[in-house]
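> Taking the hints into account, I'd like the entire structure generated from these sequences.
No gaps in the numbering here: position 939 of the sequence shown is 1095 in my numbering, and each next residue is one more.
Hints in this document: simulated from the structure, not taken from any laboratory.
It is possible that some hints are incorrect.
Think about it this way: if two alpha-carbon atoms lie no more than 30 Å apart in a straight line, the pair counts; the simulated BS3-like pairs of lysine-lysine are [to be verified]: (1) 671 / 400; (2) 1097 / 1036; (3) 385 / 344; (4) 630 / 344; (5) 436 / 641; (6) 638 / 436; (7) 1016 / 1097; (8) 333 / 630; (9) 333 / 311; (10) 344 / 641.
In this text the structure is predicted, and so the values were computed from the model without any measurement.
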Amino acid sequence: MIDKTRTTPDNGKPDALFDAFGGINEGYVASMLEGDSVVDASNGLDGFVTDFEYDGLLMDPDFLDREIVIVNGETGARNDTEESSTATVDHPVSTKEVTVADPAPEVSVDQIVRVERLINAIREDGHQAADIDPLKMLQRTNEHLNPERFGVLPKTLAASTHLLAEANDEMRPWLAKSTIGEAIAELKSYYCDTIGYEFGHIHSVEERNWLQDQVENQSAMQFMTDAQKRYQLELLTKVEGFEKYLHATFPGKRWYGLEGLDALIPLIDQIILQSAFNVKQIVMGMPHRGRLNTLAHLLEQPYESLLTGFLEGRFAHLAAMEAAGWMTDVKYHLGSRADVDVNQDGSTDIMLRLLPNPSHLEMVDPVVLGAVRATQDEAPDENDPHLEAMALLIHGDAAFAGQGVVAESLNLVNLDGYSVGGAIHVIANNQLGFTTQPNEGYSGQYCSDIARGYEIPVVHVNADDLEACSLVAKMAVSYRLKFRKEFVIDLVGYRRHGHNENDEPRFTQPITYGKLEPHPTLREQWARRLIAEEVVSEQEVDGLVAETFEALSTAMQAVDGSGRGTNRQAPADLGLSPEPMQGMEYPETSIDEQRLIKLNTQITSLPVDFKVHPTVARAFGRRVQAMDDGEEPNIDWPHAEALALGSVLQDGIAVRLTGQDCARGTFSQRHAVIWEQNTGRQYSPLKQVEGAKFSIFNSPLSEAGPVGFEHGYSVFSEASLVLWEAQFGDFVNNAQAVIDEMIVSAKEKWGQDSNLVLLLPHGYEGQGPNHSHAHLERFLDLASSGNMRIANPTTAAQYFHLLRTQAASLSEPERSRPLVVMTPKSLLRHPLAASSINELSSGKFRPIRKFALSKSGPDKVKRIVLCSGKVFVDLATHPKINTVDDIGLIVIEELYPFPEELISEAFESFSNYEDVVWLQEEPRNRGAWDFVRTPIASIVKSGIRYIGRPRSPSPASGSNWLHRRQQDRLIRIALKLDHED
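Okay, here's the thing in structure tokens:
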């Protein structure tokens, strides 16, 4: 197929070879087949084409893989009456103007075309021949790049390189070689040595040209000075010495050492050094492998602190942490922060943060991105936000290919609500996933292949080539700084020991480990080289090893024995509070009525020239009228939310709301963004509120990545109310690992404070098993030690005060915690869920509500029905409710912390009750029943019985008829209208 995407020259006129549509000019090609052309068809072009393979040229867009000029006239001679032509083509490799000098008599145009195709192949496919495996076990070949395969003749290789001259040839040193063959060999040395470059998948011409210049413009490559080489040797000696010391001192312990990928530390060190001149802070995420080495030698955490982790049973402070409510975590999950003086002279500081992470690999990726975005968003307006903080993510090879959260995270990086101006990714590739070989772990050629789909440059580098590692680190930082995009470094090494220090790898990889045993370490290789170059002496090398051992031994002496080492890290150094978690409090969150009215005017006013959809216009009209009578319950759920968020903004607290379809709202309820019907222009009323910034973004259709991102954002944001809304609460289980490992346990494990609000639409309305249920029981199972709040409010006013309560906690980090809200669907506009202005302008959030369905007062109540959420409205609006005269209702609006004292007081007001039941619409094995039954049983004198759906593996029925039948049945039983079976 002819490529119709190719462009014409910059002057807008078609050249001889390409027609006005950017396709091949068939008439011109036909003229090329005549005898007066450089292309002599009768000679068959050295067997390349017969009659120029006319049809093949038209059908194969790859035939002219680079820009060349075919000159009319006698063979090898320029037509004296015409100037040389210049063709500019938009092509996947280059769009620079290229002028090819007159071919020498013995080199046909066909041969020049073949050489150009070979050059393109080297650039795009050279990585497949690159020597990136330190153990030489990857089957690599450069046969696909042999000139013979492209039909390039020996006489062509011997010809002068002036035939390949380019406009900027001074920038390409390889073109300065005498012959084409020498130039090709030089080009191969760039693309097929210990670095393999993958740039061909990138569509941006500017980016491709820049990357190509970085590779081929050798004069721009900064090689190490002797001082830098010595520094690298010192660093490698510490890295290797640390691992060997741990092996010798703590046999049987595990820490997931770095050996085999020692170059990771110098590589990250170089990224930090290069970034420090532009970026203020680097936020890092990494798995457990190599973490202790990273903490020691990049974040400068004292050896004493790290060694203490191996002697944990000897220290009394751990018992104190447990008593204070801290469970802490294993040593290779913990994070840290440090201000690093990169020049060791006080001239350039950069803050490094290594976030803690669970063993759930890659789960920390979106958390780091969210943390960086929060830092950038809160930077002063005059600062470049992308220079305030940068994300640096270290991955494992098997996890990068295997974990879906990697794809979710990469999908976020170019979206308005999630972009961080580019993250640098380093894959610590030991070519093994526990015992799983690469051919068992991913389907592509490389573990990094998924990055290609997002047009991210990928560079594979041999972990035994320290200078190559330094080079790609500089390239990554420069690329991120210039283009504000992602960059992936695939650091290819090996794993010298098993998955952990107690694992025997020869069970499953005998060949690899047989070859690995005699393989010298990177420090040994580097030391030999520097000795040979006379940069250091053998005695200096031995001295560095001795110094490292001495430093570790001294640190060990400080913490061993009595365990009273003065430098060991106490809980406070990890950012943990010595105080136990405090209980919940409910501050006054009311707002003056006049302030509410003014705020309502502001958030319901639309531009004059803004044509609104009629349905949206009516909704905003109702919001205006709702403020006319302070006594009437005219404020519905989305209206109360808008007022709450607007008031929070007025208080100087920024609001970030994200989620699938959250701008409009899944149920067309929110309309926080309005679309002009003629132009599609967007308008957000809450963004007009003075005080703080309001941000709202529809999220991509995934949960784990976006929820992890918002968790990270909430941890790092100093003054933002952060909310994530599920499309339906049912889908939150796609983020279950993030919830389990981060949101509900981060404070107890790592001392992280989060105020993230999860808005989870929940309620049984006959919509089936995937549009009814927000997995309330799972959150209740995870509730402990005051780690979060779980609410199931039933009125707009309750929701209003709940949001304002959460915002108020931002000023008290010790009380800040996540909030999980079961939000309604059918109640969004239900009259019984609506509230009055007075309910917003007075009071605060109430954990319980109570009612007496008795004309004679609460002392006549015989049955107490406890419930939570929408089922209360179903009960209160049942057609037979007016026939009931002896039932009291206690509606639990906040399930955790469980309001036991308030419930007990409510029971006292129903002094003559005889029967207590718990009513829920969820199946018995779901919902709140298993959570509430124990504390309620300790309050009531007669025990408590369950009314609800029976146990079920599926949350809800897919039949609306069956749903309504079941729902009516359980309500009638609760009201004593039907007998229980």
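> Taking the hints in turn, state whether each one holds.
Outcome of the hint check:
Distance restraint check for residue 671 and residue 400: the Cα-Cα separation of roughly 20 Å lies within the 30 Å cut-off, and the hinted pair is therefore satisfied. In summary, the hint linking residue 1097 to residue 1036 is supported, as the alpha carbons are separated by about 29 Å, within the 30 Å threshold. A hinted pair counts as satisfied when its Cα atoms are at most 30 Å apart, and residue 385 with residue 344 qualifies at roughly 26 Å. Taken as a hint, the residue 630 and residue 344 pair is honoured in the structure, with Cα atoms around 21 Å apart against an allowance of 30 Å.
Among the hinted pairs, residue 436 with residue 641 is consistent with the structure: their alpha-carbon atoms are about 18 Å apart, no more than 30 Å. For the suggested pair residue 638 and residue 436, the alpha carbons sit about 17 Å apart, so the restraint of at most 30 Å is met. Under the criterion of a C-alpha separation no larger than 30 Å, the hint pairing residue 1016 with residue 1097 is consistent with the structure, at around 17 Å. Of the pairs offered as hints, the one joining residue 333 and residue 630 holds, with about 27 Å between alpha carbons and a cut-off of 30 Å not exceeded.
For the proposed pair residue 333 and residue 311, the alpha carbon gap of about 16 Å is at most 30 Å, so the pair holds. Taken as a hint, the residue 344 and residue 641 pair is honoured in the structure, with Cα atoms around 27 Å apart against an allowance of 30 Å.
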